[in-house]
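Chains as they are written, first to last, in my numbering: chain A, 1 to 80; chain B, 1 to 80; chain C, 1 to 235; chain D, 1 to 731.
No lab work stands behind these hints, which were simulated from the structure alone. None of the values given here were measured: they were computed from a predicted structure. This list has only true hints and no planted wrong ones.
Derived lysine-lysine pairs resembling BS3-like cross-links, with alpha carbons at most 30 angstroms apart:
1. B:Lys2 to D:Lys209
2. D:Lys382 to D:Lys57
3. B:Lys2 to A:Lys2
4. A:Lys2 to B:Lys10
5. B:Lys2 to A:Lys10
6. A:Lys40 to D:Lys729
7. D:Lys729 to B:Lys10
8. A:Lys2 to B:Lys40
9. D:Lys50 to D:Lys281
10. D:Lys50 to D:Lys500
11. A:Lys10 to D:Lys209
12. D:Lys644 to D:Lys558
13. D:Lys729 to B:Lys19
14. D:Lys558 to C:Lys218
15. C:Lys2 to D:Lys332
16. D:Lys62 to D:Lys558
17. D:Lys603 to D:Lys693
18. B:Lys40 to D:Lys729
19. D:Lys382 to D:Lys577
20. B:Lys40 to A:Lys10
Looking from chain C toward chain B, a few residues come up when the C-beta cut is under 7 angstroms (computed):
21. Arg58
22. Ala101
23. Ala106
24. Leu108
Using N, Cα and C, we set each Cβ at its ideal position, and we do this for glycine too.
Read off the chains here:
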Amino acid sequence: MKAIVRVMLKNGVLDPQGKAIEHALATLGFQGVEDVRAGKIIELSLAETDPERARASAEEMARRLLANTVIESFTVELAG
Amino acid sequence: MKAIVRVMLKNGVLDPQGKAIEHALATLGFQGVEDVRAGKIIELSLAETDPERARASAEEMARRLLANTVIESFTVELAG
Amino acid sequence: MKAGIVVFPGINRERDMAIALTAASGARPRMIWHQERDLAGLDLVVLPGGFSHGDYLRCGAMAARAPVMEAVRDFAARGGYVLGVCNGFQILTEAGLLPGALLRNASLRFLSMDCHLRVERTDTAFAGHYQKHAVFRAPMAHGDGNYFADAATLDRLEGEGLVGFRYAMPDGAITPEANRNGSQRNIAGIYSANLRVLGLMPHPEDLVDPLMGGTDGKPIFDALAATFAPRSRAA
Amino acid sequence: MQRDVNQDLAREFGLSAEEYGRVLSIMGRPPSLTELGIFSVMWSEHCSYKSSRVWLKQLPTKAPWVIHGPGENAGVVDIGEGLAAIFKMESHNHPSFIEPYQGAATGVGGILRDVFTMGARPIANLNALRFGSPETTVTRRVVDGVVRGIGGYGNCVGVPTVGGEINFHPAYDGNPLVNAMTVGIARTDRIFLSAAAGVGNPVVYVGSKTGRDGIHGATMASAEFGADAEEKRPTVQVGDPFIEKLLIEACLELMETDAIIAIQDMGAAGLTSSAVEMAGKGGVGIALDLDAVPQRETGMSAYEMMLSESQERMLMVLRPDRQDAARAIFEKWELDFAVIGHLTDTGRITIRHQGVTEADIPLAPLADQAPLYHRPTAETDKPAILNPARVEDRVGLTGALLRLIACPDLCSRAWVWDQYDSTVGGQTVKRPGAADAAVVKIEGHAMALALTTDCTPRYCAADAEAGGAQAVAEAWRNITATGARPLAITDNMNFGNPEKPEIMGQFAAAIRGMAAACTALDFPVVSGNVSLYNETNGRAILPTPAIGGLGVIEDAAKAVGYALPPWLDVVLLGATKGWLGQSLWLREIAGREEGAPPPVDLKAEKQVGDFVRTQILAGTIRACHDVSDGGIMIAVAEMALAGKAGVRLSTGPRDIPGHAFWFGEDQGRYIVAVADGAGFIRAAEAAGIAAMKLGTSGGRDLTLPDGGTISLTMLAEAHARFFPEWMEKGA
Ligand SMILES: Nc1ncnc2c1ncn2[C@@H]1O[C@H](COP(=O)(O)OP(=O)(O)O)[C@@H](O)[C@H]1O
Ligand SMILES: [Mg+2]
Numbered sequence: 001m002k003a004i005v006r007v008m009l010k011n012g013v014l015d016p017q018g019k020a021i022e023h024a025l026a027t028l029g030f031q032g033v034e035d036v037r038a039g040k041i042i043e044l045s046l047a048e049t050d051p052e053r054a055r056a057s058a059e060e061m062a063r064r065l066l067a068n069t070v071i072e073s074f075t076v077e078l079a080g
Numbered sequence: 001m002k003a004i005v006r007v008m009l010k011n012g013v014l015d016p017q018g019k020a021i022e023h024a025l026a027t028l029g030f031q032g033v034e035d036v037r038a039g040k041i042i043e044l045s046l047a048e049t050d051p052e053r054a055r056a057s058a059e060e061m062a063r064r065l066l067a068n069t070v071i072e073s074f075t076v077e078l079a080g
Numbered sequence: 001m002k003a004g005i006v007v008f009p010g011i012n013r014e015r016d017m018a019i020a021l022t023a024a025s026g027a028r029p030r031m032i033w034h035q036e037r038d039l040a041g042l043d044l045v046v047l048p049g050g051f052s053h054g055d056y057l058r059c060g061a062m063a064a065r066a067p068v069m070e071a072v073r074d075f076a077a078r079g080g081y082v083l084g085v086c087n088g089f090q091i092l093t094e095a096g097l098l099p100g101a102l103l104r105n106a107s108l109r110f111l112s113m114d115c116h117l118r119v120e121r122t123d124t125a126f127a128g129h130y131q132k133h134a135v136f137r138a139p140m141a142h143g144d145g146n147y148f149a150d151a152a153t154l155d156r157l158e159g160e161g162l163v164g165f166r167y168a169m170p171d172g173a174i175t176p177e178a179n180r181n182g183s184q185r186n187i188a189g190i191y192s193a194n195l196r197v198l199g200l201m202p203h204p205e206d207l208v209d210p211l212m213g214g215t216d217g218k219p220i221f222d223a224l225a226a227t228f229a230p231r232s233r234a235a
Numbered sequence: 001m002q003r004d005v006n007q008d009l010a011r012e013f014g015l016s017a018e019e020y021g022r023v024l025s026i027m028g029r030p031p032s033l034t035e036l037g038i039f040s041v042m043w044s045e046h047c048s049y050k051s052s053r054v055w056l057k058q059l060p061t062k063a064p065w066v067i068h069g070p071g072e073n074a075g076v077v078d079i080g081e082g083l084a085a086i087f088k089m090e091s092h093n094h095p096s097f098i099e100p101y102q103g104a105a106t107g108v109g110g111i112l113r114d115v116f117t118m119g120a121r122p123i124a125n126l127n128a129l130r131f132g133s134p135e136t137t138v139t140r141r142v143v144d145g146v147v148r149g150i151g152g153y154g155n156c157v158g159v160p161t162v163g164g165e166i167n168f169h170p171a172y173d174g175n176p177l178v179n180a181m182t183v184g185i186a187r188t189d190r191i192f193l194s195a196a197a198g199v200g201n202p203v204v205y206v207g208s209k210t211g212r213d214g215i216h217g218a219t220m221a222s223a224e225f226g227a228d229a230e231e232k233r234p235t236v237q238v239g240d241p242f243i244e245k246l247l248i249e250a251c252l253e254l255m256e257t258d259a260i261i262a263i264q265d266m267g268a269a270g271l272t273s274s275a276v277e278m279a280g281k282g283g284v285g286i287a288l289d290l291d292a293v294p295q296r297e298t299g300m301s302a303y304e305m306m307l308s309e310s311q312e313r314m315l316m317v318l319r320p321d322r323q324d325a326a327r328a329i330f331e332k333w334e335l336d337f338a339v340i341g342h343l344t345d346t347g348r349i350t351i352r353h354q355g356v357t358e359a360d361i362p363l364a365p366l367a368d369q370a371p372l373y374h375r376p377t378a379e380t381d382k383p384a385i386l387n388p389a390r391v392e393d394r395v396g397l398t399g400a401l402l403r404l405i406a407c408p409d410l411c412s413r414a415w416v417w418d419q420y421d422s423t424v425g426g427q428t429v430k431r432p433g434a435a436d437a438a439v440v441k442i443e444g445h446a447m448a449l450a451l452t453t454d455c456t457p458r459y460c461a462a463d464a465e466a467g468g469a470q471a472v473a474e475a476w477r478n479i480t481a482t483g484a485r486p487l488a489i490t491d492n493m494n495f496g497n498p499e500k501p502e503i504m505g506q507f508a509a510a511i512r513g514m515a516a517a518c519t520a521l522d523f524p525v526v527s528g529n530v531s532l533y534n535e536t537n538g539r540a541i542l543p544t545p546a547i548g549g550l551g552v553i554e555d556a557a558k559a560v561g562y563a564l565p566p567w568l569d570v571v572l573l574g575a576t577k578g579w580l581g582q583s584l585w586l587r588e589i590a591g592r593e594e595g596a597p598p599p600v601d602l603k604a605e606k607q608v609g610d611f612v613r614t615q616i617l618a619g620t621i622r623a624c625h626d627v628s629d630g631g632i633m634i635a636v637a638e639m640a641l642a643g644k645a646g647v648r649l650s651t652g653p654r655d656i657p658g659h660a661f662w663f664g665e666d667q668g669r670y671i672v673a674v675a676d677g678a679g680f681i682r683a684a685e686a687a688g689i690a691a692m693k694l695g696t697s698g699g700r701d702l703t704l705p706d707g708g709t710i711s712l713t714m715l716a717e718a719h720a721r722f723f724p725e726w727m728e729k730g731a
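Could you build all of it, start to finish, from the sequences and the hints given here?
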C-alpha cells in the first residue's frame, strides 16, 4: 500500500521558499500567479494492506517524524 | 484555480533524503516501511479559471523552473 | 586579464573571488549585476559561490534564468571562458551549460572542511599550472555538491576527458572516503566540450594566501592570468 | 482579538497588578488593547531589564578605545587604522527549545541585524551553546536542529562562523542556551545610531513584510517554561537568511550615502520597541500609519502589527531629500521600502490604523516609569576547598586521558563546525579548532581580530563570583594565547527566575566577579544581553554568564594557534597547585561534582598573559594553548592532535599528586612550544613567572609520565568519536 504524506507550512508561517518561487515565476514572465506555497511530499511504500491501518500508521509517522508540527501541518492520502 | 505541482526525483537518481527517512522510521520502531521517496510540492494559486489553460500554464512553469528534468519528473494536479 | 564576476542576489563569495583574481592578475575584476547583459571586453566570466536567491527550490535554479545568463550563454558559445565555483557550478548545470546536476550531499548535511582534489588534466586554461595528477587542498562549503549525471553522460564525460577534478585522498587515491558529498565517480569539477567552461564545487579562491593556511588554490588563478597575459599587456 | 482590557488581561500579558496600575496612571484612562500590548512588551524583562539593570550598572564599560558602550544596538571599539569593531551577543534560548532549527537560525539573524544596523559589515559569527544531558533523545534533537539552524542561516548570509563553545549538563534539559555573537567592521567616522531627530522626517520601514509571527515572543522569552510550553508554539518565527543578506547589502549601500539619520533593527517586540526606542532616545514624538506597513497576511490588527516579530526588518529615519535615492537602493535589492510615519514634536507615539487612533502614549513616562526592581538576593554559601590529597586516583593517567578526551564536554566539536562555513570572506586566519580564539583578518589591512566565547557554568554554579571572574579571565586568556591584545567583551547573562532570591544572588555575585576581572584586565563590557527565567518546572539552569571577547593583533601573520610543531620544547607557564575542585576529572573520573572552583588570581593572570603576548609577538612562541577544562594533560593532548605531533612528557613535580597536577584546573596558565626551553624558562622566571618544562614534541605518540603510551591515531579516534556516533544514531 502506498501512502503519500504532504507536509506544508501552517498558514501564517513565513514561507521564504514559496515567496522566492513566486518572485522567480513573475520574473520569468508568468502572469496571474497569486500565491505560491512550497512543501514536501513523502511517498511511503508500506507492507500493510489494510487501508485503515496503513493510513493510521502513516499519520503516526507524520506526527512523530515527517512533519514538524510546530510549524507544519500534514495530510495523508492513500494510493494503490 | 489551484494547481499542485509534485516534483519527485526520477527513478535511478539516488534519493538520500528518502533513505534517511526510511532509516529514521525504522529507528523509531516503525515496521513494514519498504521504501520511501522524498519530493517537493508546489501549490500555485492561479488567477486563471479555465482548467485546461491553468494546467497548461502550470506544466509550463514546472518545465521551465519548478523541476529540473535532468533529475526530476513532475505531475500537475488541479484543485478547487 | 579582464575578469567579470556575476553578482546574483544572495551570492556571498564574490569578494573572495575578487581577491584571488586580483592577486593573480593585478587587475580588479568587474562586478556584473545579474540583470546586466553586457559582457563585452571580458576574457573570463566567473559565477561565484553563495546562495543565489536563497537557493530556494533548487540550488542555482533561479539564478540560471536571470537575464545575465543569456549573455553568459552567448559568451560561452562564442568560445568565452567561464568559471563557476560552488553555487556557480550549480548555476551552470541548471542553465544547461554543463551536464548533470548537483544533488543534496549524501550525508544530508552542509560540509565545510578542506578536501583534496586530483587534477585530471593540465592542458587547460584553468589547470595549466598544476602537474598532471597533482593533488591540492581546497576548502569546500556546500550543502548540495553531490554530482549526478546518468551513466551515458558520465561515460561521455570520461571518454572525452572532461572530468577536470576529482575528490581524492591526500596521496591521490580516488576512494569513497575522499568523496564526502557522494558525487558520482568522485567528480568535483567538469569542463565543457571546448574546455573553456569549468564548474568546480570546492573553493580554490579561499586558499590563495599563506595566512589563510596555504596557496593550494592559487595555480588556477595564476594559470588564468597567464592565459590572458599577452592580451592584457597589449591593452 | 476582541478582549476587554482590564487587570486580568494585563496579567495574561505579563504585567503585574502594580505595573498595570502604573499604566493606568500614565494613561489617565484604561489603555486600548494595542496600548496594553505596547506597555507589556516594553516593560517585559526582555526589553526593560527590570530585574537586572541595577546590577548591570556595576560593570566597567569604559576604556580609551571604547567608542560606544552598552546602550546602543551593539558595542563599538576602536581597533586603529580608522576602523571600529562592532559586536554583541544575544540569546535565543526559549525559541531554540520550541523549534531548534528556526530558533537558532533567527537568533543568528537577530544578532547580525544588531551589528549591521550600526554600519558594520559582519565579518564573523560565534555561538555559545549549552545543552541538556546527552543521554536523552530530546537533547539530540535539539543539538541537531540548533547546529543546522546556525549553519543554515550563517552559511547563507555568507558570514563565517568561526568559533563558539558547547557544554552539556542535565540542568539544561528542557532549557538549552543558544547565545549568538556577531562581529562587524565599520569606519569610525561612519557609525550609525538609533536616536531619531528632525521633526517631520520620514520614518521608513525596510525588509520583509509583516506577518503574525512570534506575537508576544518578547514576553514569552521572559516567562518560565511550564507544562503548557506546547501551547505557546504558534509564536515561532521563521527566518529568511536570503532576505537578511539582501538587507545587509542594501543597508550598507545606503550607509555609503548621507541619507540615514537614525536606524534600528526590529528585534524583539518588533515595530513597538524600534519605534519607541528611536523616538525615545531622540526625545521626539513619532506618528505611525499602519496602513502603510508592508503586510504578508490579510486582516492584521494594529495590535498584531505592533507586536509582530517577523524577521529581517529595519526601521530608519531618513533625510527627506534623500528618500527617493534610498528607495531606489532597496528596490534594486528587491526589498520592501515604505514610509510608515514621521517624527513629531509631541513626545508621544501615536498609531493610526484604518482611520482609527489605536494608540497614543507619552514616550517619556513609558521609558522613565518602566519598572525597576531591586529584587531580594540570597547568596549561596561558597563550597569548601577540596584537598586534592583526599581524592584517590583509581584510574591512572592514561585511562583518565582516554576517557576525558572522549567525554561530551571535551571531545572534538568538528562534527559541529564542519557544518558551519568558516572560510567565506577569505579572511579566516585561524579556523575553529586551530587556536584558542578564532583569528579573522580585516580585508585590505594587515591586522586581524581574535574572537572567543567563554564560560564554565559548573564553576559559576559552585561560586558565581569566582565563576564570573573566571569566564572573563578565560576569554582574555584565549585572546592572549593567539598574540592578540584583548580589548573588550560582550556578555550574555543566562540565569533562572529572578524572583527567587538565590537566583538573583547568583546574578549579583557573577556581576561582581565579572566586574573585578574586567577592571583588573582592562577589558570593559561594551554590550550584552540578559536572559532570565531559564527554568523548566521550577528547576533553574546553571548560572551562565557567557562572555564574548574581542582582541586585535596588528600583524595577522604573527598570530599563533595551538597546533604543536614537532621537535620543540613544551613549557608550562603559570603556577600549579593541583586544583581538583569542580574539575572535569573530578566529575568524569571520580564521579563527584564538588568543591570550590579554581580561583583566578587577577594580578598573576595579567602578568603571565602580558608575558605570553610579548613572546608571541617576538616570535619566540610557536604554538600556545591556555590550560582550561581537563587541565594540563588535556591541553597537551589537544595541541598534539591539532599539530599531529607526539609529545614525550616528563615527570611532574613530586609535591603534587600526579592526577592533580596533570588534570587540575588551576587558572592563569598557558602551554607554549618554544625552540629553546631552558632559555625561555629563564626569561619567564626573570619576569617573575612560574615556568617548567613539560616535555618535548615529536614522533607519533603521546608518552605519559607514568610510562603509558598512546598513539596519536588512537587519541584522535577517542577524541572524534562522540558526536558522529551520537548524532547518526537516527531519528
Ligand atoms: N548583560 C549585559 N551587559 C552589558 N550590556 C547589556 C547587557 N544586557 C544588555 N545590555 C545592553 O543593553 C542594550 C539593550 O539590549 P537589547 O535589548 O538586547 O538590545 P536589542 O534590542 O538591540 O537587541 C544594549 O546596548 C545591550 O548591549
Ligand atoms: Mg537592536
